[in-house]
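**Student:** Chain H is already provided as a structure; the job is to place chain U on it using the hints.
Chains as they are written, first to last, in the working numbering: chain H, 22 to 312; chain U, 16 to 325.
Worth double-checking, as some hints may not be accurate.
[Said to hold, decoys possible] Computed Cβ-Cβ distance ranges for the label pairs, DEER-style:
hint: 1; chain 1: U; residue 1: LEU214; chain 2: H; residue 2: PRO151; range: 57 to 65 Å
hint: 2; chain 1: U; residue 1: SER290; chain 2: H; residue 2: PRO239; range: 19 to 27 Å
hint: 3; chain 1: H; residue 1: GLY238; chain 2: U; residue 2: VAL300; range: 25 to 33 Å
hint: 4; chain 1: H; residue 1: LEU34; chain 2: U; residue 2: SER290; range: 42 to 50 Å
hint: 5; chain 1: U; residue 1: ASN291; chain 2: H; residue 2: PRO203; range: 41 to 49 Å
hint: 6; chain 1: H; residue 1: LEU207; chain 2: U; residue 2: PRO212; range: 53 to 61 Å
hint: 7; chain 1: U; residue 1: PRO212; chain 2: H; residue 2: ILE304; range: 19 to 27 Å
hint: 8; chain 1: H; residue 1: LEU139; chain 2: U; residue 2: PHE324; range: 39 to 47 Å
hint: 9; chain 1: U; residue 1: LEU138; chain 2: H; residue 2: ILE304; range: 16 to 24 Å
hint: 10; chain 1: U; residue 1: VAL281; chain 2: H; residue 2: LEU207; range: 46 to 54 Å
hint: 11; chain 1: U; residue 1: LYS88; chain 2: H; residue 2: ASP27; range: 37 to 45 Å
hint: 12; chain 1: H; residue 1: GLY173; chain 2: U; residue 2: LEU214; range: 45 to 53 Å
hint: 13; chain 1: U; residue 1: ARG194; chain 2: H; residue 2: ASP201; range: 33 to 41 Å
[Said to hold, decoys possible] Coverage of chain U stretches by chain H, computed from C-beta distances (three or more under 8 Å per stretch; other residues unrestricted):
hint: 14; stretch: 66–79
hint: 15; stretch: 120–127
hint: 16; stretch: 252–265
hint: 17; stretch: 299–309
Hints are computed from structural coordinates only; laboratory data are not their basis.
Positions of the beta carbon are idealized from the N, C-alpha and C atoms, including for glycine.
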Amino acid sequence: MFFSFDLLLEAILFGVLLGCFYAAVSIGLSVSFGLLDVPHVAHPAIMVFGAYCTYLLNTYNFDPIVAGIVLMVPFFLLGMLVYRFYYEAFERRGSEAAVRGLAFFFGLAFIIEVGLILAFGVDQRLVSAPYIGSSLELGEYRIPYRMLVAFGVALVLTFSLTLYLSKTFTGRAIKAVAQDEPALRLMGANPVRIKQWAFGIATAVSALAGAMLIIVGPVDPSLDRVYIGRTFAVVVLAGLGSMTGTLAAGLILGISESIVLMLFGASWAPAVAFGLLLIVLGIRPQGLFGR
Amino acid sequence: MKYWISAAVILALALGVALSRINEYFFFAGFVVLTFVVLATAWNILGGYAGYVNFGTAAFFGLGAYSATVLFKWQGAPLAVQIAGGALVCALLGFGVGLLTLRLRGIFFAIATVAVIFICETLMVNWRYVGGATGLQLLRPEVLAPFETYTRMLFVVMALLAVAAVSTARYIQTSWIGRGLRAIRDSEEAAEGSGVPTLKLKLFACTVSGALMGAAGAPWPMYLSFIEPASSFNLTYSVSALAMPMIGGTGHWIGPVIGALLLGSVQQIVTVTISNEINVLVVGVLLVLFVVLAPDGVVGLFRKWTRYFK
Chain H
22 MFFSFDLLLE
32 AILFGVLLGC
42 FYAAVSIGLS
52 VSFGLLDVPH
62 VAHPAIMVFG
72 AYCTYLLNTY
82 NFDPIVAGIV
92 LMVPFFLLGM
102 LVYRFYYEAF
112 ERRGSEAAVR
122 GLAFFFGLAF
132 IIEVGLILAF
142 GVDQRLVSAP
152 YIGSSLELGE
162 YRIPYRMLVA
172 FGVALVLTFS
182 LTLYLSKTFT
192 GRAIKAVAQD
202 EPALRLMGAN
212 PVRIKQWAFG
222 IATAVSALAG
232 AMLIIVGPVD
242 PSLDRVYIGR
252 TFAVVVLAGL
262 GSMTGTLAAG
272 LILGISESIV
282 LMLFGASWAP
292 AVAFGLLLIV
302 LGIRPQGLFG
312 R
Chain U
16 MKYWISAAVI
26 LALALGVALS
36 RINEYFFFAG
46 FVVLTFVVLA
56 TAWNILGGYA
66 GYVNFGTAAF
76 FGLGAYSATV
86 LFKWQGAPLA
96 VQIAGGALVC
106 ALLGFGVGLL
116 TLRLRGIFFA
126 IATVAVIFIC
136 ETLMVNWRYV
146 GGATGLQLLR
156 PEVLAPFETY
166 TRMLFVVMAL
176 LAVAAVSTAR
186 YIQTSWIGRG
196 LRAIRDSEEA
206 AEGSGVPTLK
216 LKLFACTVSG
226 ALMGAAGAPW
236 PMYLSFIEPA
246 SSFNLTYSVS
256 ALAMPMIGGT
266 GHWIGPVIGA
276 LLLGSVQQIV
286 TVTISNEINV
296 LVVGVLLVLF
306 VVLAPDGVVG
316 LFRKWTRYFK
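Here chain H stands alone, though its shape is the one from the complex (with noise of 0.2 Å):
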């Protein structure tokens, strides 16, 4: 085994932006899961859908980052419109809807997935646009401008998110119907209500979210197997519904992630967020920020 420290410096630099990439993904997931508590397993299926009409978009010339904020006003919609169905159908039915909720979702990622399929068929997709596959090179160090472009949305998402939700009075609204229900419905604002929008955003965001997936790196309609795991590690290790704690969880996975990629060689890598998330539940189940 080759080791050194600049290489373990590189595989840090690589981690930080891997892992705000990371953030970027799991942001949608921590609004959905962590403050609203959806088991919203189909998460990273819509981001890939997401990804998917970004290609679509880009066929016609649009800009991959462009097409992703054009998209979320659609996936807001969508949004609304999956919590409206998912309430009625389990929420409202009590007690077991958990479980029966968790098998819904399940089943509507596999639906987007063999869905994708048929319409685009198994290959793997990519987009277009000047940033990619070219890089910055900073003395013996080259970065992707790909990476960047993903780190920076990736902080814009995170701290606008932040702000929203402690700043404006519906992202207050959205905060108090996660943390005491009953309380908000005796000061009289409907908790559906603010539900629904809280998940709208959540899924405008994985939108954009998917633009990111697809600027990355290529995409295939299996990849959200992958992310079930890494977006789910990042949100359980953030402590649910944080999200400054959503930033560092993933930088955290991708630090750990790519220095097990310098270690072992690519094949490990996929195990590295379902075993931090083993190791997460098993040892501290609300995370390291938890409320």
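**Tutor:** Chain U in isolation, oriented as in the chain H frame:
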């Protein structure tokens, strides 16, 4: 008594069909359907009775298959030993998963079991002895006396396993163990408070369920004469093993059997006539439909109808 007679009749029927001159394809497809009967029944012991959603069926299935492969490659072990080995290894894994239930419930337990799949898969991908990511070709041994082909023999073996699995599930359901598990499902605190040994029961259910899933996976390498990690640990097994009891009805031992026979047969027909992708789509759509519209599955629908016509 009625149950045992019908079980014996079904077994005799399977053996009779296997010795007759029916088209080979019937056994090829029937083996898969019977495998799903075992998987669904095993899933239901933990998921249906105790309410712990195990999404790691693929981990147990794949690990069972790989245990059988290792035994076969290392010692040339016969099929019965392979199945016992697969069951034993997966019973241990099930016990480990059972320990997770100490701290995790609901979706957290489900997500943790997904993690188990990917960890097992990564281990197998990196294990050269069993062929790594490219997989391993296996040479089937000679078929035993009364059977014409190996697939026919596997069909009868799987029928035997299915009857064993269903009998186990039925025993658990009707004994005090099943009552304890149902108490856990309804309210774990209340069960613990009224003296149900919750931890022991959960560990027992996880171990038995895991062992049965491992036994179902063990004949798979011999069935395909080939093993490879990506397909052995495929999430589709997990979804199917969860969808079948949900479609059939999770409360009664017959539920997963109905679900597996129904969905398994539809899957086989769709795979042959249309395509493999549509087959996964069918599972997803049926799962969503049943979970939303008929939460108690076919068994629940049947009960509703009989009550309505009385």
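**Student:** Each of the hints needs a verdict: does it hold here or not?
**Tutor:** Structure-based check of each hint:
1. U/LEU214 - H/PRO151: 57 to 65 Å: With a Cβ separation near 59 Å, U/LEU214 and H/PRO151 satisfy 57 to 65 Å, so the hint holds.
2. U/SER290 - H/PRO239: 19 to 27 Å: Because 23 Å falls inside the window, the suggested range holds.
3. H/GLY238 - U/VAL300: 25 to 33 Å: holds (30 Å)
4. H/LEU34 - U/SER290: 42 to 50 Å: Holds, since H/LEU34 and U/SER290 (Cβ atoms, about 45 Å apart) stay within the stated range.
5. U/ASN291 - H/PRO203: 41 to 49 Å: Check passed, 48 Å falls within 41 to 49 Å.
6. H/LEU207 - U/PRO212: 53 to 61 Å: About 41 Å separates the Cβ atoms of H/LEU207 and U/PRO212, which means 53 to 61 Å is violated.
7. U/PRO212 - H/ILE304: 19 to 27 Å: At roughly 25 Å between Cβ atoms, H/ILE304 and U/PRO212 fall inside 19 to 27 Å, so the hint holds.
8. H/LEU139 - U/PHE324: 39 to 47 Å: Once the Cβ atoms are compared, 41 Å apart, the range 39 to 47 Å for U/PHE324 and H/LEU139 holds.
9. U/LEU138 - H/ILE304: 16 to 24 Å: holds (21 Å)
10. U/VAL281 - H/LEU207: 46 to 54 Å: Between U/VAL281 and H/LEU207, where Cβ atoms are some 49 Å apart, the hint holds.
11. U/LYS88 - H/ASP27: 37 to 45 Å: About 42 Å separates the Cβ atoms of U/LYS88 and H/ASP27, which means 37 to 45 Å holds.
12. H/GLY173 - U/LEU214: 45 to 53 Å: holds (49 Å)
13. U/ARG194 - H/ASP201: 33 to 41 Å: Because 36 Å falls inside the window, the suggested range holds.
14. 66–79: n = 3 at 8 Å, threshold three: holds.
15. 120–127: holds (count 6)
16. 252–265: holds (count 4)
17. 299–309: Since three or more residues must qualify, the claim that chain H covers the stretch 299–309 of chain U holds, with 6 doing so at under 8 Å.
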